[in-house]
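Whenever a hint applies, use it, and build me the whole structure from the sequences.
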Amino acid sequence: SQQGEEDPQALSIQEGENATMNCSYKTSINNLQWYRQNSGRGLVHLILIRSNEREKHSGRLRVTLDTSKKSSSLLITASRAADTASYFCATDDAAGNKLTFGGGTRVLVKP
Amino acid sequence: DTAVSQTPKYLVTQMGNDKSIKCEQNLGHDTMYWYKQDSKKFLKIMFSYNNKELIINETVPNRFSPKSPDKAHLNLHINSLELGDSAVYFCASSSSGGTGYTFGSGTRLTVV
Numbered sequence: 222s223q224q225g226e227e228d229p230q231a232l233s234i235q236e237g238e239n240a241t242m243n244c245s246y247k248t249s250i251n252n253l254q255w256y257r258q259n260s261g262r263g264l265v266h267l268i269l270i271r272s273n274e275r276e277k278h279s280g281r282l283r284v285t286l287d288t289s290k291k292s293s294s295l296l297i298t299a300s301r302a303a304d305t306a307s308y309f310c311a312t313d314d315a316a317g318n319k320l321t322f323g324g325g326t327r328v329l330v331k332p
Numbered sequence: 721d722t723a724v725s726q727t728p729k730y731l732v733t734q735m736g737n738d739k740s741i742k743c744e745q746n747l748g749h750d751t752m753y754w755y756k757q758d759s760k761k762f763l764k765i766m767f768s769y770n771n772k773e774l775i776i777n778e779t780v781p782n783r784f785s786p787k788s789p790d791k792a793h794l795n796l797h798i799n800s801l802e803l804g805d806s807a808v809y810f811c812a813s814s815s816s817g818g819t820g821y822t823f824g825s826g827t828r829l830t831v832v
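Residue numbers (the working numbering), protein chains in the order written: chain Z, 222 to 332; chain E, 721 to 832.
Think of the hints as simulated: they come from the structure by calculation, not from any bench.
Please note that the accuracy of each hint is not assured.
Said to hold, decoys possible - So the derived label-pair ranges between C-beta atoms look like this:
no.: 1; chain 1: Z; residue 1: Lys290; chain 2: E; residue 2: Ser815; range: 26 to 36 angstroms
no.: 2; chain 1: E; residue 1: Thr819; chain 2: Z; residue 2: Leu296; range: 16 to 26 angstroms
no.: 3; chain 1: Z; residue 1: Arg281; chain 2: E; residue 2: Gln734; range: 41 to 51 angstroms
no.: 4; chain 1: E; residue 1: Glu773; chain 2: Z; residue 2: Ser233; range: 37 to 47 angstroms
no.: 5; chain 1: Z; residue 1: Ala299; chain 2: E; residue 2: Asn799; range: 22 to 32 angstroms
no.: 6; chain 1: E; residue 1: Glu802; chain 2: Z; residue 2: Gly237; range: 27 to 37 angstroms
no.: 7; chain 1: E; residue 1: Val732; chain 2: Z; residue 2: Gln230; range: 25 to 35 angstroms
Built from N, CA and C at the ideal position, the CB exists for glycine as well.
If you want it as structure tokens, here you go:
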């Protein structure tokens, strides 16, 4: 079963706008990670946030984590056409043995 | 220079055949994984190996047999292929300490 559920499943925005996607999970985690997958490609690690962190930034990416609500959000600011991809959240369980992925959000950035 | 490389990139084969997918990482990571991505893009872990030792076998049919000859390699052999095995298979690696995974570019397996 999927640990993470992502919302929305798909998102279409204009270049320059911000894109926000959310992830909810069910069990205790060590950390939560976000990945990007371009069509026909492998997944690329974007950012990792540990369970004792609440917010993290990397370039145009901002990730929040609320462990009391078991949820995370990924914000991409000033989006570009090259940001068009699927974005996945993944949780690293307390044992740290594996990543469990959500279903992904497909983001389309229109030029 | 490729960090995690897997071969082949595409594999088309008939039902009942046996096939292998190879994976190698040059990052010095101690853990390697196989993930399966279905047609709806759901990713599910199949196996993980830490320093050549099997850590996770996620209720995968025993037609699937991973082999790790050393910690830089994790191969996947599939016997008696079925139509439902069609998917994209990803190899990944990570180091201990809770860092991100590095994924290969995937092997698209089509069983006809």
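Hint check results:
The hint said 26 to 36 angstroms for the Cβ distance between Z:Lys290 and E:Ser815, and at roughly 30 angstroms that hint holds. Separated by about 22 angstroms at the C-beta atoms, E:Thr819 and Z:Leu296 satisfy the suggested range of 16 to 26 angstroms. Checked against the given bound of 41 to 51 angstroms, the beta carbons of Z:Arg281 and E:Gln734, roughly 46 angstroms apart, stay inside it. The hint said 37 to 47 angstroms for the Cβ distance between E:Glu773 and Z:Ser233, and at roughly 45 angstroms that hint holds.
The given range of 22 to 32 angstroms is broken by Z:Ala299 and E:Asn799, whose C-beta atoms sit roughly 50 angstroms from each other. The supplied range of 27 to 37 angstroms is broken by E:Glu802 and Z:Gly237, whose beta-carbon atoms lie about 47 angstroms from each other. Remark: the range hint 25 to 35 angstroms for E:Val732 to Z:Gln230 is upheld by a beta-carbon distance near 30 angstroms.
Of the numbered hints listed earlier, those contradicted by the structure are 5 and 6.
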